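Going down the list, the protein sequences come from chains A and B.
At position 329 of the first sequence the residue is numbered 329 (full-length UniProt numbering), and the sequence of numbers has no breaks.
At position 211 of the second sequence the residue is numbered 211 (full-length UniProt numbering), and the sequence of numbers has no breaks.
Because the hints were derived from the structure by calculation, they are not lab data.
There could be a bad hint or two in this list.
Given that identical chains are not distinguished, each listed pair holds provided it fits within a single copy or across any two copies.
Taking lysine-lysine pairs in the DSSO-like style, the calculated list, with each CA pair at most 30 Å apart, reads [what the hints assert, rightly or not]:
id, residue 1, residue 2
1, K116, K260
2, K340, K260
3, K260, K371
4, K371, K340
5, K371, K83
6, K371, K116
7, K340, K116
8, K340, K83
Remember, it's a predicted structure, so these values are computed and weren't measured experimentally.
Number of protein chains: 2
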Amino acid sequence: MQFADRLNNIETSAIRELFKLLGKPGIISFAGGFPDSALFDVEGVRAASLRALSETPGAALQYGATEGYQPLREQLAAFMTGKGARDLAAENLIVTTGSQQALDLLGKTLISPGDKVIVEGPTFLASIQCFRLYGAELISAPIDGDGVRTDALERLIAEHRPKFVYLIPTFGNPSGALLSLERRRQVLEMAVRHETLIVEDDPYGDLYFGADPPPPSLLNLSAGVPASRALLAHCGSLSKVLAPGLRVGWMVAPAELLDKASMCKQFSDAHTSTYAQATAAQYLGSGRMPATLAHVRAVYAERARTMGEALRRELGDAIAFTPPRGGLFMWLRLTGAGGKVTDGSLLAQRALEEGVALVPGAPFFCAQPDKATLRLSFATADGEQIRAGVARLGQAI
Amino acid sequence: MQFADRLNNIETSAIRELFKLLGKPGIISFAGGFPDSALFDVEGVRAASLRALSETPGAALQYGATEGYQPLREQLAAFMTGKGARDLAAENLIVTTGSQQALDLLGKTLISPGDKVIVEGPTFLASIQCFRLYGAELISAPIDGDGVRTDALERLIAEHRPKFVYLIPTFGNPSGALLSLERRRQVLEMAVRHETLIVEDDPYGDLYFGADPPPPSLLNLSAGVPASRALLAHCGSLSKVLAPGLRVGWMVAPAELLDKASMCKQFSDAHTSTYAQATAAQYLGSGRMPATLAHVRAVYAERARTMGEALRRELGDAIAFTPPRGGLFMWLRLTGAGGKVTDGSLLAQRALEEGVALVPGAPFFCAQPDKATLRLSFATADGEQIRAGVARLGQAI
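Construct the complete structure from the given sequences, taking the supplied hints into account.
This is the structure we're talking about:
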């Protein structure tokens with residue numbers, strides 16, 4: 001069978017290798033990117049579904065508008081407004097089948113083969129592949145502990161004139177990094193200066209640790225940077241905070257882009273499951289979300305603390321990392337101190353032999369991979385497993 | 001904002017015009033393509049969801065495999081086997097977000113810009129647009145009352161060497177036509193002779209009227225035509241028989257194609273809602289489907305009979321049509337008898353002024369539109385509305 005040329009643009013062996021790591025029995029896994037299913041508010045989802053089926057059975061099970069189920073669009077606009085977004089009404093967002101579909105629609109709507117897209121190095125693996133399937137040439141912008149380096153980013157924008165810049169400013173996957181407030185403003189200002197679209201992917205922003213939320217999202221900040229809102233697409237998701245299985249994400253974007261993305265979505269899947277959307281709308285309307293968020297924040301914060309302490313204790317100066325202030329991920333760099341291993345793939349291999357799974361960082365770079373990096377998720381293991389797993393990692397190193 | 005070049009390939013004003021017709025108050029609508037939400041087995045879906053959440057809450061709400069939720073793949077394989085498919089196991093199909101996504105994945109996986117695809121004239125509007133977004137050049141194969149004309153189809157295959165041939169052999173949208181058994185065999189034989197992939201879109205096959213099912217699907221027949229199964233993709237859906245809002249469809253295809261389609265799906269939406277999939281799996285496992293199918297078949301059969309009788313009574317020789325043996329649609333051709341109107345768009349406009357909505361047939365053709373055609377759905381209006389609506393149509397003509 002002769003497949004489409006676009007399939008030549010992507011290389012999925014790295015992903016397959018990652019996933020092969022996950023299945024072995026007896027393994028403690030820090031390799032996944034999933035939230036902990038034990039934290040799902042099953043009772044809340046059950047009640048929400050029952051209300052959707054009793055109050056609006058026809059709408060919950062019938063075909064729906066491609067742009068999304070109107071009561072959910074309204075709930076999402078209120079949810080975002082409650083977190084500080086300005087001038088955000090239902091018609092300023094569309095519902096997507098997970099935020100992965102928002103990325104796919106951005107690719108379908110915007111990328112012609114050969115167009116350039118700037119992403120962080122490292123960034124979300126599925127974004128790299130998604131954009132490449134549409135023929136994008138990806139450019140890697142370096143990050144540090146405060147997120148993307150804006151000086152380098154602006155030079156890359158000026159040089160490459162990208163179709164858009166894709167960022168995960170808040171607790172990004174895989175870096176866990178948090179873009180500083182100052183750099184957030186700079187990103188919006190350079191968007192205006194260069195007339196360049198910024199895509200803010202924000203699935204983790206609600207998962208902050210401690211009492212203080214992170215700096216405002218680019219969306220929220222755009223109210224203070226004239227003309228920047230018209231150059232911003234913001235992708236949100238219920239996957240990390242409520243349940244991935246609903247596949248409910250959304251995208252806030254300028255009207256013209258939303259219109260084209262809706263048209264493309266019509267031919268991608270007609271619309272997102274109205275049953276899942278009606279359930280999500282009832283859930284958001286039930287008032288349970290704040291308690292759910294508080295609960296998952298507290299659990300992930302404790303696990304992140306436990307992992308950080310164990311890593312310092314067991315691995316000492318063989319690694320360097322910035323303790324994450326939220327999200328699901330810890331990003332390590334092997335220092336080579338004392339002649340220890342500096343190759344992340346090699347360490348991941350050895351760790352697996354010791355009974356702990358983590359993923360090497362190199363595949364998360366679209367170019368110039370930093371091979372001394374590793375991603376660990378602290379989301380799905382409890383404190384005891386985290387300590388035992390990190391001890392095994394200590395053995396491996 | 002500069003959008004991707006692929007958006008220049010499609011023209012959606014026809015669709016928008018169609019949908020504008022649907023919203024006016026007081027209108028009797030034969031214009032939609034929806035099943036009747038009053039027929040949904042809401043109690044069965046509710047029970048299925050509750051079982052999914054109590055028996056497998058983690059799996060129902062967590063991320064899942066891109067290929068589909070394994071218990072649903074098994075239920076779907078059993079469902080298809082029960083309808084006569086041979087050698088069909090869970091691993092021979094993937095779950096898609098409605099069968100619309102199966103079409104999208106076929107486009108993404110197979111079509112390079114400039115590739116040719118043969119479709120029926122007329123065919124499903126969203127398939128035309130979906131394939132064109134990937135750069136397909138569409139070729140129109142003529143149909144008659146027995147479905148696609150296989151003599152013409154074989155000449156077109158030989159001439160154009162298409163990437164694939166897309167057919168809705170059973171109660172197609174918009175034609176309602178049923179491909180004869182003899183022609184089904186011929187299609188499979190020409191697939192082998194020309195080594196051409198056939199895509200069988202089959203959302204309506206379960207909706208037959210009366211006691212006798214239609215001829216076997218191409219999938220079922222392929223067991224008797226050596227080498228044809230390796231050249232066949234079959235798309236199924238629960239949308240027309242259970243509930244569109246679940247967005248549960250599936251695709252049976254050769255392993256190599258399923259593998260590439262799964263890879264593409266990973267970057268389209270990661271996976272179909274596991275909540276919807278777990279609900280569908282429980283529903284199929286509950287044993288309620290046969291009674292649900294019998295009920296919807298009986299209701300749609302009665303509505304089709306009522307509409308057919310009313311059309312003959314009210315419009316007489318001004319129209320010609322083949323009474324459908326299943327599905328949701330009636331396809332009319334204006335004969336011009338007695339000097340009456342022969343332009344479907346003009347009649348649709350006049351009908352709307354009389355208070356009945358139907359859609360002109362021309363937009364359903366990718367080329368050489370037959371402007372004397374119209375599509376009516378009998379699915380969502382009851383007997384009284386059907387008689388009243390057709391009487392209004394009689395006034396309009």
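- Query: Tell me, which hint numbers fail for this structure?
  - Reply: Hint check: 2, 5, 7 and 8 fail, others pass.
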